[in-house]
Each structure stands twice: as structure tokens, then as C-alpha cells.
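Below, each chain spelled out in residue letters.
Number of protein chains: 2
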Amino acid sequence: MTRKRFENSSCAVARALSEVGDWWSLRIVLQAMYGTRRYVDFQRELGIARNILGDRLERLVTDGVLRKVDVGEHGCRYEYRLTDKGRDLFVVVEALRQWGERWTAGGDQPGPVVRDRVSSRPVAPLRV
Amino acid sequence: MTRKRFENSSCAVARALSEVGDWWSLRIVLQAMYGTRRYVDFQRELGIARNILGDRLERLVTDGVLRKVDVGEHGCRYEYRLTDKGRDLFVVVEALRQWGERWTAGGDQPGPVVRDRVSSRPVAPLRV
DNA sequence: GAAATCTGGTTTCAATATGCAACCAAACTT
DNA sequence: AAGTTTGGTTGCATATTGAAACCAGATTTC
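Going line by line, the protein sequences match chains D and Y.
In terms of our numbering, the first sequence has 105 at position 104, counting the first letter as 1, and numbering is strictly consecutive.
In terms of our numbering, the second sequence has 93 at position 92, counting the first letter as 1, and numbering is strictly consecutive.
Simulated from the structure, these hints should not be mistaken for laboratory data.
There could be a bad hint or two in this list.
Each pair may be met inside one copy or between any two copies, as identical chains are not told apart.
Calculated cross-link-like contacts (lysine-lysine; reagent style BS3-like; alpha-carbon spacing at most 30 Å) [said to hold, decoys possible]:
hint, residue 1, residue 2
1, Lys69, Lys86
2, Lys69, Lys5
3, Lys86, Lys5
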């Protein structure tokens, strides 16, 4: 049976999850925030299967989270760049990072510290 | 092939997603935040298949996001309650809600406003 | 200028996950 | 005593995933 979808739910969380709630999408977005833009680089750095990557990139593009930019002169090089909508997912990713940092058994190494680009101070914990 | 897992990734986001990054877990957590605690209620309100629900609840319990409380006198009634770890996911859920509210085509109705329990003011947008 | 390589995919196949409905057993209600 | 509620489990059909092979155009290397 087809996986259930929630695009039209009245719940904003459900709608958000129906765009980026699957196993790979947020990781692709995170990788994009790290600066990755090319198909092959996503593939290599995430270790995702190529067909799945193609499918996810396509969906993220149709959902307006990424846009596919034709770079290179004769139409054979493309880049997937975050849109404003995609960049806005940073809060979500950062919330996940803080939660993971706090509650999941980290690997041995502490992981990179996310810093403000201007002040270069580590970002403050998110609060509600 | 088995779905890829990231429990031991050095990336906190990947570790977080390996606990709550699947299609249903965050929705179950959200529902729990709304007050749902019983198997049947989760099932009815989410419309999730019962076997999947059982599997997810079990995993969330082993991961320490929920705990299963034996309520009722002769061990036939249970409740699944959020732990501190689970409650801490509120920031993630709220970030998703704000993103969904802003970027996804809502249903017609505006959806509930999340308010501070003490001040009863709507919560401020999350920022980093 | 031919061969190899890089890029961005698509196809095929096996294994796994999901959804649905039916079934089950212990407790509780009527 | 019979039926209902709760919390599942099982079996089956379909979807999704992952791995690897394949492919074609552009670019680089020899």
C-alpha cells in the first residue's frame, strides 16, 4: 500500500513532515547547508542510493526547497541550491542538532560547533 | 535491503534523525504532546496501521522518548508518556510547525495557535 | 582524435517496510 | 454470560529502498 501522505492536513507539522519528513530529505538539506550542491557530491557524502537521491532531489525541487540551476556552458552541469524556503529549514535542523547533541550517544568526537557567521559565537540554544 | 541507519554517526542531526526521522515517529510525539497516551487513541487519531504503531511505540520506548506506564489494576491498561527526552523534542516540533505554517499551503483553516501555558501569549518565532 | 573519465542520471532486481484486515486473549462492562 | 475495550500479533499484497549495472553527453587525457 502507498505510504500515507499528509499534504492537505490542517496540521502544519504534518504538512511540513510530508515535505521533509522522510528518511533522507532533511539530511540532504543539511548537506546543502554545508555547501554541497552537486548530485555526485550528495551521493558520495551521504552514501545514499543514486535512484533515491534522484527521487528526493526531484521532490525537493518541486516542493520549492531546492532549485536546480544549470551551471556550465553546455547544459551538463547542474547545481541544487537551497531556496529561501529551504534555507528557512535551518531552525529545524539546528533544533534537531541540539536535541541529538544532548540526548543521543554521540560518536566519540564532539562534532562541529555551529557559529554565527557574523559574531562567530556559537549559536545559543533554541527556546520556546 | 535494510534501511540505512545512522545511530553512530558523528553528526548529531543524523543521530537525531535515526531516532525520530522516520515517517511516523515525530507525529506520534506530537500527538503525545497534545495529550494522547493510549495505543487505541494514537491509532484512531493518527490513522496509522496498528502493526506500525506497535513497532514505533516500542522503538520510541527503547530509545527513551516515551515510557510505557502500567496503569490500571491488573496489568491490561498502559499509557505511553513522554519522558524528558521526549518533551525536549518540543522545540523541533515547534520549528517544524512554524516552517509548515509559513511555507506549506495550509488547509483552509488556520490551525491552532500554540500559546505559553503561563503567559498564554502565542510563542514567539524561533530564531537562531 | 581516440580513449578514458566525469556528471547526472535510469533500469533492474532482491530485500525490506508499509497498510489493511483478520484474528486473539485478557479485563472490564452490562 | 455475552459483548466490548484494550493492546496487541499474523498474513498478505503492494510500495519503497538499496545495490549494482547500464547509459549518454561533455570534458579531459594521451
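Verification of the supplied hints:
For the identical chains of this complex, Lys69 and Lys86 are intra-copy neighbours only, at 14 Å inside a copy versus 38 Å across copies, given an alpha-carbon limit of 30 Å. Proximity of Lys69 to Lys5 under the C-alpha cut-off of 30 Å is found in both arrangements, the shortest distances being 27 Å within a copy and 26 Å between copies. In this homomeric assembly, Lys86 and Lys5 come within 30 Å of each other (Cα to Cα) both inside a single copy, at 24 Å, and across copies, at 27 Å.
Hint compliance for this structure: no hint is broken.
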